[in-house]
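Given these sequences and hints, build the entire structure.
Protein chains: 2
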Amino acid sequence: MMNERKILEKLPDLLPVNSRIATGAGDDCAVINMPGNNQLLAAADQVIENIHFLPETPPEDAGKKLMNRNLSDIAAMGGVPLTALLTIAANGKDNAYIERFISGAAQAGMVFDVPVCGGDTASLAEKGFCATLTILGEIPDGKAVLRSGAKSGDFVYVTGCIGNSFYSGHHLHFVPRLKEGAFLRDHASAMLDISDGLLLDAMRLAASSNVSLFLDLASIPLRAGAVVPNAFSDGEDYELLFTSPEKLTAFPGDDFAKLSCIGRVIERGESLLVDKNNLPIKMDKNGYEHR
Amino acid sequence: MMNERKILEKLPDLLPVNSRIATGAGDDCAVINMPGNNQLLAAADQVIENIHFLPETPPEDAGKKLMNRNLSDIAAMGGVPLTALLTIAANGKDNAYIERFISGAAQAGMVFDVPVCGGDTASLAEKGFCATLTILGEIPDGKAVLRSGAKSGDFVYVTGCIGNSFYSGHHLHFVPRLKEGAFLRDHASAMLDISDGLLLDAMRLAASSNVSLFLDLASIPLRAGAVVPNAFSDGEDYELLFTSPEKLTAFPGDDFAKLSCIGRVIERGESLLVDKNNLPIKMDKNGYEHR
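Sequence order for the protein chains is A and B.
This note's numbering puts the first residue of the first sequence at 1, with every later residue one more than the last.
This note's numbering puts the first residue of the second sequence at 1, with every later residue one more than the last.
One thing to keep in mind: the hints can contain errors.
With a straight-line cut-off of 30 Å between C-alpha atoms, the simulated DSBU-like cross-links for lysine-lysine are [unchecked claim]: (1) B:Lys127 <-> A:Lys10; (2) B:Lys6 <-> A:Lys127; (3) A:Lys276 <-> A:Lys247; (4) B:Lys127 <-> A:Lys127; (5) B:Lys127 <-> A:Lys6; (6) B:Lys10 <-> A:Lys127.
Derived by calculation from the structure, the hints in this document are not laboratory data.
Written as structure tokens, this is what we have:
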């Protein structure tokens with residue numbers, strides 16, 4: 001069987017780049033050099049029935065989720081979204097279902113003035129439904145916030161609340177943190193969006209930056225119904241995890257998300273994540289792995 | 001069950017656009033306005049096991065096909081390809097298969113200096129394999145060749161040979177007509193790539209341009225093993241169908257594809273396609289419909 005994480009780790013080796021690609025596979029978005037003063041951001045993500053949503057989920061909501069999880073990747077670079085392309089492969093769904101899914105994605109995009117400009121539909125050989133959305137965005141040259149920029153001494157922050165995303169319905173109805181991401185373009189040293197749980201995504205940020213993170217577990221902002229293990233392993237939060245040399249207390253405006261400082265960046269040690277007793281925070285064997 | 005063609009016809013209504021989108025869904029690529037002197041081209045296409053390739057097809061070849069059919073969409077606009085993103089959803093395939101597929105796509109891209117800069121892999125709930133590739137390209141402002149520009153009196157041309165793509169293996173091993181497309185940017189009035197058979201794609205070009213086409217059936221260049229009905233309905237040729245006010249006899253170089261004039265553009269009549277006896281050329285009830 002396919003092991004998704006192993007493939008993702010191998011992707012940079014499988015995918016040669018050229019001078020147009022400033023940042024290739026491995027961050028929230030690729031960064032592509034363009035004429036003019038902006039770079040292009042590009043990312044692609046999928047939703048699959050029975051994995052990312054249920055057969056009884058309204059297709060508009062599934063389409064909205066697909067758009068918003070891609071917009072979240074643009075937010076995680078500090079970028080401004082531009083447009084999207086959508087493909088659907090399905091078997092056992094009628095046209096009304098497909099059209100409702102497409103409309104859900106398209107309307108969620110237009111909330112942020114992001115039109116779906118193209119796509120494709122095709123039949124699966126077996127029953128099922130999967131959809132891919134590719135998002136494009138823009139960012140001033142050299143301003144993309146990568147996962148690799150965290151420095152020892154930086155503070156560690158998250159937006160919003162973490163954990164219990166699935167049962168609370170957050171995974172279908174979250175707001176991508178585009179406003180916060182654009183603000184953080186000038187403040188964050190490293191950033192990603194939390195899609196696979198705080199534990200795994202914090203490890204990814206630490207590994208990319210070649211640092212370790214001290215996390216104050218008591219400071220992690222929990223969604224209603226969540227305890228710390230939920231925050232670590234539930235996933236699908238689509239909040240921003242970022243580091244900054246600045247001591248920030250809140251975003252500049254009432255209409256921004258809540259901001260929480262949850263730790264500090266420390267020199268790379270044996271463990272990527274440690275708690276206040278300097279004990280390693282480990283991946284539970286039941287820890288969430290995004291399929 | 002899903003009727004793909006009906007959804008595609010409805011897409012422009014489902015997908016609102018904004019001023020960044022010069023051409024939205026409905027052509028081979030979307031055309032996106034960018035700072036500077038180039039527009040961005042974007043298209044997304046899929047391959048699905050048991051539909052676009054077989055379980056025994058080497059995964060490298062399936063990956064190459066996915067890349068090349070997307071490159072063909074860039075060619076059909078007269079553009080230059082830039083980069084691509086690849087997503088895979090699979091169940092019942094091991095990592096080696098997935099990696100071979102990815103490598104096949106990536107290496108086919110690098111033949112044209114087109115790196116795959118990002119992507120995603122995920123598990124399908126049921127057995128199967130589908131992959132989406134989104135291609136990005138560039139074209140000087142206003143130079144994209146759309147489907148809608150054919151004028152009465154123009155000549156109708158195709159590159160290469162048509163028909164019998166599947167049994168000949170052409171569908172896995174064709175060369176996308178990028179060089180020809182880039183040349184035609186300054187010569188063609190309308191263009192698309194033939195993916196669903198000459199009949200359906202010629203009808204699309206005619207309908208987009210609000211013209212009819214007279215086709216000289218005897219002039220259609222047939223691939224070995226094909227007769228005219230194959231050319232009309234087999235599909236997966238990935239040759240360029242285009243119109244031009246110029247009388248062209250060949251491309252300017254030995255390393256270009258064969259060029260055949262197969263008809264003329266005429267005023268829009270009752271039938272989109274007519275033969276030399278002015279009789280309508282119709283879609284056979286068994287005519288190829290791309291699933």
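> Which of the numbered hints above does this structure break?
Replying inline: Violated: none.
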